[in-house]
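Trainee: Chains as they are written, first to last, in my numbering: chain A, 1 to 317; chain B, 318 to 626; chain C, 627 to 1173.
By construction, these hints were calculated from the structure, which means they are not laboratory data.
Hints are supplied without guarantee of correctness; some may be wrong.
Which bits of chain B does chain A cover? Going by a derived footprint, with three or more residues having C-beta under 8 Å, they are [stated by the list, open to error]:
no., stretch
1, 318-327
2, 467-476
3, 573-585
No farther apart than 30 Å at their CA atoms in a straight line, the calculated lysine-lysine pairs in the DSS-like style are these [said to hold, decoys possible]:
no., chain 1, residue 1, chain 2, residue 2
4, A, K219, C, K934
5, C, K778, B, K320
6, C, K993, A, K225
7, C, K994, A, K225
8, C, K877, C, K824
9, C, K885, A, K4
10, C, K778, A, K4
11, C, K994, B, K320
Beta carbons: idealized from backbone N, C-alpha and C, even for Gly.
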Amino acid sequence: MENKHFVADFANNLDEVDAVTIHSSAKSVSAFSKTIYSLVHNPLFIVSSLILFLLLIIAVFPGLFTQIDPTRCVIREASLPIGTNGEYTKSFHLLGTTGLGCDEFARIIYGARTSLLVGFFVMVISTSIGCVLGAIAGYFGGILDSIISRITDVFFAIPLILGAVALLQLLKDADPFWKVVLTLSIFGWTSSARLMRSSVMETKTQEYVTSVRALGMEKLTILFKHVIPNAISPIIAIAMISMSVYIVADSALSFLGVGMNSSVVSWGVDIANAQTTLQSNPGLLLYPSIALAITALSFMFLGDSINDAIDPKKRRR
Amino acid sequence: MVKYILKRCLQALPVLFGATFLVYGLVFLQPGDPIRALCGQHCPNEAGLDIIRARYNLDKPFILQYLLYMKNLLLGDFGTTFSGRSVSDIIATSMPNTIHLGLIAIAFEIILGVGIGIIVGIRRGSFFDSSILVITLILISIPTFVLGFVCQLVFGMNLGIVPPTVGSSTDFEHMYMPALILATGSIASICRLTRNSIQDNSYADHVRTSYAKGLPRYQVTLRHIFRNSMIPVVTYIGADLGALMGGAVLTETIFNIQGIGNQLYAAIQRGEGTTVVSIITLFVIIFVVTNIVVDILYAVLDPRIRYGK
Amino acid sequence: MALLEVNDLHVTFSSGSSKEKDIEAVAGISFSIEEGERVAIVGESGSGKSTTAHALINLLPGTGKITSGSIKFNSSYYCENGETQAEKAFVALRGSGIGLVPQDPMSNLNPVWKIGFQVRETLRANGFEGSKSDVNKRVIEVLESAGLENAKDLLNQFPHEFSGGMRQRVLIAIGLASNPKLLIADEPTSALDVTVQKVILDHLEKLTKELGTAMLFITHDLGLAADRSDKIIVMYKGQIVESGSSVEVLKNPQHPYTKRLISAAPSLSCRRMESAKIRKESVEDDQSPIIVVDSLTKEFALRGKREKFKAVDNVSFTVNRSKTLAIVGESGSGKSTIANMLLNLLEPSSGTIQFNGVDVKEIAKNKKTLKNFRRLMQPVFQNPYGSLDPLLSIGSAIEEPLKIHKVGTREERADNVRKLLDMVQLPENLIQRFPSELSGGQRQRVAIARALALSPDLIILDEAVSALDVLVQQQILTLLNDLQAQLGLTYLFITHDLAVVRLIADDVIVMQHGKIVERGTTDDVFNNPTEEYTINLLNSIPGKDIL
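Same shape as in the complex, but just chain A (with noise of 0.2 Å):
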């Protein structure tokens, strides 16, 4: 076919060029329910979701699953092997018995609630944190930002487990719990920090942030609702995984003697006791170290899966 004028038949239906309605049968779709969508079809999700909630039924309600008391320890009935009954309690031992004799079955399900009350905590506090300072950086800018920012870079500059080892030497005698939940909070927002100054410094440059404001909305209307809603998705996942971060780190402190003491009922704390049975009783450490992991994953596997449903460039493909 040289130079020949080819004419293709009329047969292409040129509506479409026109069209600006769009086809009724399919549904709506917010970018909200799509991402439910992605996440509910992923394998991840739904175990690490359902993993989280049992953890979460057995953090508040214990008793469903052991009625025996895991303060309650008693020295002649100390470590006991997997599934015996005690002679002088009278109960029956799941997991055996601690070197005080605790039941360690018992010890593993309360101390549920406090690995998950940590994590939450500080998950809450140092993720408030950060977005709080990250947004007021990335939205106000100028001077606001350059203070916010040195901030942000010196408690980066502390890495968070020898950061909060130094806090916990000044909070020795304070209420164990919330000591740790302070120091983790103190060592732990600057991720999410960085992570909502660059995601707000993004969404304020769009365009349609520039409409609402040529529409004379409120600057601070439209940072809370326009700019922080679209904002803040990368820092949910981030949010998630950083909870089994805290969950590790508040048991790394037990063990290091500077967190949490025997006073409370935690993972970490049978862990770093278990060390001196190590070889005798291995079980007393791999028992909550089990669990630990086991939440510590089902965060991370939930952030993961949360990411990957909201990433749009992953969307995009």
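Starting from the known structure of chain A, arrange chains B and C on it as the hints suggest.
Mentor: The following block gives chains B and C in isolation, referenced to the frame of chain A:
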């Protein structure tokens, strides 16, 4: 480039002072008199206490205490413990072991993390890829000390493959397992980051253009995909050093490595504030300085950073 | 013997799941290119024109695959009955057989390698033997032939140190470095200013003519295609609807789609649109200008430099009621800065803006008057994908201005939203939808509806149709024109595209480097331009000499 390095160093100074000041403040702002708390019932009279306070600069205003402390620290004098041992001495004897452990761990991070990351990054979407993604998540969430104890128990005590504790020996045979355990979480994170980075880069426009130029696949992969993908990985290794230092304290304690982390643990147990602060301050300084190095490396890898901004 | 023969080519993108349908991006096209011939494929986004180009060198993105058909280049088959040759054959073909000049100069050079290296590796990969100094000599040669002066000094520079035009020249140098027989130019200048575009295309044309290289030119711009090629292939939905010699297709289009494209192409029309609607006569017969700008200046402090950068330099103009004033300029001319100052989103460094006879600075002093002022002036921006909050439904997006200014009750507002949707010719069932479900043109209509919600006097259209396909662009322009007639709106139309100006504007201001270089009625400026820059701009409009 020189200008960039100078600028970066200048920027790090306030961070360095801010962070060390913060750590210093945390411990020395404690209520009560540390000297009196320490000597308890065997305290000398007020005059004697004053002499001791003067020796530790405790009679001066707090900010001056900090500045004197930093001055000494920069001169290599980390002070003395209350029991009279020089902290510098402690650091000098234990630091090499920790550096040894850390270097092996970082080597593992780079070889295993980047290596596996590259393989899965190229074979994206395969079964291997998705299983590595799940496995890395599992590895990231297992606490270092749990992994340490389990490995010590299984490989050290039950199977006897590796020495269960390291003690004063620092040869590779003793060190590789603790180092591997210390690096596990980072290996997994670096593996994921490398994979994602390689995937993102393979879709880049300039990669397609490189193919269109007639470059064979291996050249495109090496020059245009790997080279660009390493930029975020290098930054991550720097930022991750903080986690590595925290982990070193745990690993050294478990395996009884005579390193600085073990000394920190011992100081915590003995309640020696000065030593704790000195060691943590040292860690913070190392962290900040390595991150300057990493930033410079970043600028070497990415010319856009060197100029502009 | 034709250089390239494509026969019944099909390309499919598989969706990867059984639920979603595979997409056939190219549905059986055949064409050929002779040695030294220049052929253009013209089509809107989604027509399959770029996919065709990438299929030729087996670089289809993602899941794309050639499913059937054949590609024959230089007498050997690279694809026969849907079976493509091994990668090795294509590695040999690319660069030396078929070169590519990609679309976006900003993202197509690797930022971490020096320019010299990126040209050098092209030469080496295509079998350039010789010592290091020989290669460097050749690198300098190809860069200079692509129009880069002092190429020697550029070798050790990185892409980010170059302007877009310079980067595109580097890409042209790379594409032609190994003397390919065919050069695919995939929208090579759509990211560049028109004057730069013209210079680069002129140069590319000269080069390929000298070397006897055939060219496959991929573009959305019919005028550009006609200007730059011997033959035109019009694609729509993966199929060729019409093809033939450029003059023939343009002057005597047969297919209804081609006819539509030609009538919509702004560069090919020569007069202002007439609205079907009867123009609303100014009721109050108010002839005073709506905006008077007097010696407006905006300076920005540059990082690391003491001297300030003057984005807008002593600009004065007036905007007449119920008319359209277009501000035309290339990137960096300061036109968008003016828009932002008028909207009171940026504060002028000096000069005054009067709106309905009142100084805007006075208005801005009081929050309440400022809010009222904002009701009367609304913007519509360029990017249809960024102009709507992805979390708000279309209904709430259009309702938002009414809510901010507390207009009406809930029911009244809902009623109002329906009326506005009707005004921009969108169906009511869009109210519940979200921006991600809409096409670019639909989103732009929503943005216009939102701008109209408060019945403003003036709408600032900042490149409002620049990102749209030609046919959609024409629809939106028609809509804007009708709305102006119906509602007596005043438009300030900011654009880089002189061709569009002709269609919609009554008066024009041409800007360069922050200054006004020419002003007048549209007819005056187009027919009797006086300034060299304007003449240059007008000459750069592609396709205007064809008809």
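Trainee: When you check the alpha-carbon spacing of C/K993 and A/K225, does it fall within 30 Å?
Mentor: It holds: about 20 Å lies between the C-alpha atoms, which stays within 30 Å.
Trainee: Please check whether the stretch 318-327 of chain B has three or more residues whose CB lies within less than 8 Å of a CB on chain A.
Mentor: violated (count 0)
Trainee: Can the restraint linking C/K994 and A/K225 be considered satisfied, given a maximum Cα separation of 30 Å?
Mentor: Answer holds: C/K994 to A/K225 is near 21 Å, not above 30 Å.
Trainee: Compare the distance between the alpha carbons of A/K219 and C/K934 with 30 Å, and conclude whether the hinted pair is satisfied.
Mentor: holds, 28 Å
Trainee: Has the given pair, C/K778 with A/K4, been kept, meaning a C-alpha gap of at most 30 Å?
Mentor: With Cα atoms ~47 Å apart, C/K778 and A/K4 exceed 30 Å; violated.
Trainee: Would the pair C/K885 and A/K4 pass a check requiring their Cα atoms to be no farther apart than 30 Å?
Mentor: Answer holds: C/K885 to A/K4 is near 18 Å, not above 30 Å.
Trainee: Within a Cα-Cα threshold of 30 Å, do C/K994 and B/K320 meet the stated pairing?
Mentor: With a Cα-Cα distance of about 50 Å, the restraint between C/K994 and B/K320 is violated, given a limit of 30 Å.
Trainee: Taking only the CA atoms, is the gap from C/K778 to B/K320 under or equal to 30 Å?
Mentor: holds, 25 Å
Trainee: Mind checking the alpha carbons of C/K877 and C/K824 for me, to see if they're no more than 30 Å apart?
Mentor: holds, 23 Å
Trainee: Within the stretch 467-476 of chain B, is the number of residues with a Cβ closer than 8 Å to a Cβ of chain A three or more?
Mentor: holds (count 4)
Trainee: Confirm or reject the coverage of the stretch 573-585 of chain B by chain A under the rule of 3 or more residues with a beta carbon closer than 8 Å to the chain's beta carbons.
Mentor: holds (count 3)
Violation of the numbered hints given earlier is confined to hints 1, 10 and 11; the remaining hints are satisfied by the structure.
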